[in-house]
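> If you read the protein sequences in the order shown, they are chains A and B.
330 is the number that our numbering gives the last residue of the first sequence; the numbers go up by one with no jumps.
259 is the number that our numbering gives the last residue of the second sequence; the numbers go up by one with no jumps.
If you're looking for bench data, these hints aren't it; they were derived computationally from the structure.
There could be a bad hint or two in this list.
One-sided and incomplete, this derived list gives chain B residues near chain A with beta-carbon spacing under 7 angstroms [said to hold, decoys possible]:
no. : residue
1   : His56
2   : Arg57
3   : Leu59
4   : Ile72
5   : Ile249
C-beta: ideal position from N, C-alpha, C; glycine also.
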Amino acid sequence: MAADLLQPPSFLRPAETLSISQQAPHFFRAQRPSILPYPLSLLTNTESQGKWQTYENMLLACLRTGDNESAYVALEELTKRFGDDNERVQALRGLLLESTAKDNKDLEGVLKSYDDLLEEKPTNMPIRKRRVALLKSMGRTADAITALTELLDASPIDAEAWSELADLYLTQGSFSQAIFCLEEVLLVTPNAWNVHAKLGESIYLSASSTESDGDRLKALSEAMRRFCRSIELCDDYLRGFYGLKLTTNRLLEKLNKTSKPATASSNALAGDLAPPSLSSVQRLNELATSKLAEIVRRSSSGEKGWDGYDQAEVIAARELLDRDTQGVQR
Amino acid sequence: MAEPVVQTIHRDPALFYWILLPITVVMILTGVLRHYLSTLLQSAPKPQPLPNLRQHRSLMRGVNLRNNAAQISPAAFAARKDYLVQAYKDGKFLADPEARGKPRPNPMTDPAMMEGMMGMMKGNVAMMVPQSLIMGWINAFFSGYVIMKLPFPLTPQFKSMLQSGVGTRDLDVRWVSSLSWYFLTLFGLQPVYNFILGSNNAASQVAQQMAQQQMGNPMMGPEQDPDKLFANEAENLEVIEHRYILEGIEDRLLASLSL
Numbered sequence: 001m002a003a004d005l006l007q008p009p010s011f012l013r014p015a016e017t018l019s020i021s022q023q024a025p026h027f028f029r030a031q032r033p034s035i036l037p038y039p040l041s042l043l044t045n046t047e048s049q050g051k052w053q054t055y056e057n058m059l060l061a062c063l064r065t066g067d068n069e070s071a072y073v074a075l076e077e078l079t080k081r082f083g084d085d086n087e088r089v090q091a092l093r094g095l096l097l098e099s100t101a102k103d104n105k106d107l108e109g110v111l112k113s114y115d116d117l118l119e120e121k122p123t124n125m126p127i128r129k130r131r132v133a134l135l136k137s138m139g140r141t142a143d144a145i146t147a148l149t150e151l152l153d154a155s156p157i158d159a160e161a162w163s164e165l166a167d168l169y170l171t172q173g174s175f176s177q178a179i180f181c182l183e184e185v186l187l188v189t190p191n192a193w194n195v196h197a198k199l200g201e202s203i204y205l206s207a208s209s210t211e212s213d214g215d216r217l218k219a220l221s222e223a224m225r226r227f228c229r230s231i232e233l234c235d236d237y238l239r240g241f242y243g244l245k246l247t248t249n250r251l252l253e254k255l256n257k258t259s260k261p262a263t264a265s266s267n268a269l270a271g272d273l274a275p276p277s278l279s280s281v282q283r284l285n286e287l288a289t290s291k292l293a294e295i296v297r298r299s300s301s302g303e304k305g306w307d308g309y310d311q312a313e314v315i316a317a318r319e320l321l322d323r324d325t326q327g328v329q330r
Numbered sequence: 001m002a003e004p005v006v007q008t009i010h011r012d013p014a015l016f017y018w019i020l021l022p023i024t025v026v027m028i029l030t031g032v033l034r035h036y037l038s039t040l041l042q043s044a045p046k047p048q049p050l051p052n053l054r055q056h057r058s059l060m061r062g063v064n065l066r067n068n069a070a071q072i073s074p075a076a077f078a079a080r081k082d083y084l085v086q087a088y089k090d091g092k093f094l095a096d097p098e099a100r101g102k103p104r105p106n107p108m109t110d111p112a113m114m115e116g117m118m119g120m121m122k123g124n125v126a127m128m129v130p131q132s133l134i135m136g137w138i139n140a141f142f143s144g145y146v147i148m149k150l151p152f153p154l155t156p157q158f159k160s161m162l163q164s165g166v167g168t169r170d171l172d173v174r175w176v177s178s179l180s181w182y183f184l185t186l187f188g189l190q191p192v193y194n195f196i197l198g199s200n201n202a203a204s205q206v207a208q209q210m211a212q213q214q215m216g217n218p219m220m221g222p223e224q225d226p227d228k229l230f231a232n233e234a235e236n237l238e239v240i241e242h243r244y245i246l247e248g249i250e251d252r253l254l255a256s257l258s259l
């Protein structure tokens, strides 16, 4: 149980989260300090490295499953230990208030309290981030973007904030801004394969919205290379292979149509890479297809070591493969 | 064959109750007291004001860009480089744009620095005062006593460690003088404090002195002029040669997956 609890619960599946939060009452009883007098109580000290991380994760798991009473108990323990003015505890308290808010007016109140806290101490990053998240969940995306850009002006090496901003821009359809933000994330965490894939996805999306043919080709090859990088960093990354398959499909269409690869569109002076050769795109497409098929097959038969994939993503991959075979039959 | 003569000294059993035990108890209690005293005297580290945070992190952004430039396309890199170099040169991220170009003020006149130094002084005083007091107390009352015998033999090198204050050349090394017992407890009580006070206590002065030596150097060194740091970083960015990691990635990937 402790091993489970040391991971942030946002990476857990709903069923696992539920099982954790069901253990909450038992957990709190076990952690209760002993009632022995002072010198003897030293012998039963429960303070350990993972204890407070466990409390925090328990709190989050309880909030996810709607067990607000247990969440409140955990928050009280954390407050007792770290004090009321600890930034992280303040953010957790805000989270609890947000999730127990009944209507929009309550949420406005929480937002007001965040503003007060920030007035007092403008460097309170956890509260700043909660404020952004609250604005986002209240549907005020423009305000959230403004708040995030302010945060990033003060702290431009915050990968979390950059990727959140990229997400917000993507929902607004501002692809070039999103790409910029994701590039910033990569500058902080150069080997994050999921960010590489995400950047590939954004470039792919932007490719569909460009007008000129040459630009589209350039964007598609850029996206494909991003997916390649993501796979290079993580061998079995499903999203990477999915994106690779998608982009190579499109690229094959494009490259077949224009029999002569448009070398003119690649500007050597700007340092852009030339579009990839037809043969390598073809081979990459084959590679992606076979790997996707393998992942789908092994994951759906529940093979050991292959069961970590998100179900929805596996289904999407299977759908993509099916679409491809149908196209061949037609 | 003569057996080595075993030295026997008849000690008054009262020595145990009136010297050995009191020294030990006093040492433990001083440690506990020192812990609480230093937590009381400790001023919470002052939070960095936002402009300073911004200045520091903007500099870090430049460093990140320099280190991980390969991750982004040449066009994106060039745009970022131009922006950052220009902003660095203009001092856009400086916490205190007014102070630009002026010489650094004397750290002694800076109230924030003074406060930091005062905090360190307080810690030192809290450590030094009880130590010298107890040492004086032991010297005045118990000097010259041999208070116990170790149950195991030792080489003569330990003589100076175990028998300080007792100037007898022929005394077996296993006998421990009161002053030496003081030093032994001074350096050896850390596990006891850990048990009583929790793992990161401020009771042991040895641990504290070590921590201070490690921390002291960057804190005491003259703080660098942020404007100079920015100018330096701008120069570093300007001379960097950009290489794009996605160049030839298709072939690399195909080769590595051996298709």
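> For each hint, tell me whether it holds in the structure or not.
Verification of the supplied hints:
Because the beta carbon of B/His56 sits about 9 angstroms from the nearest beta carbon in chain A, more than 7 angstroms, this interface hint is broken. Given the 7 angstroms rule on beta carbons, the hint for B/Arg57 holds: about 5 angstroms separates it from the nearest Cβ of chain A. Because the smallest distance between the Cβ of B/Leu59 and any Cβ of chain A comes to about 9 angstroms, over 7 angstroms, the interface hint for this residue is violated. Against a cut-off of 7 angstroms between C-beta atoms, the interface hint on B/Ile72 holds, since the closest Cβ of chain A lies about 5 angstroms away.
Hint on B/Ile249 holds. Least Cβ distance to chain A is approximately 4 angstroms, under the 7 angstroms limit.
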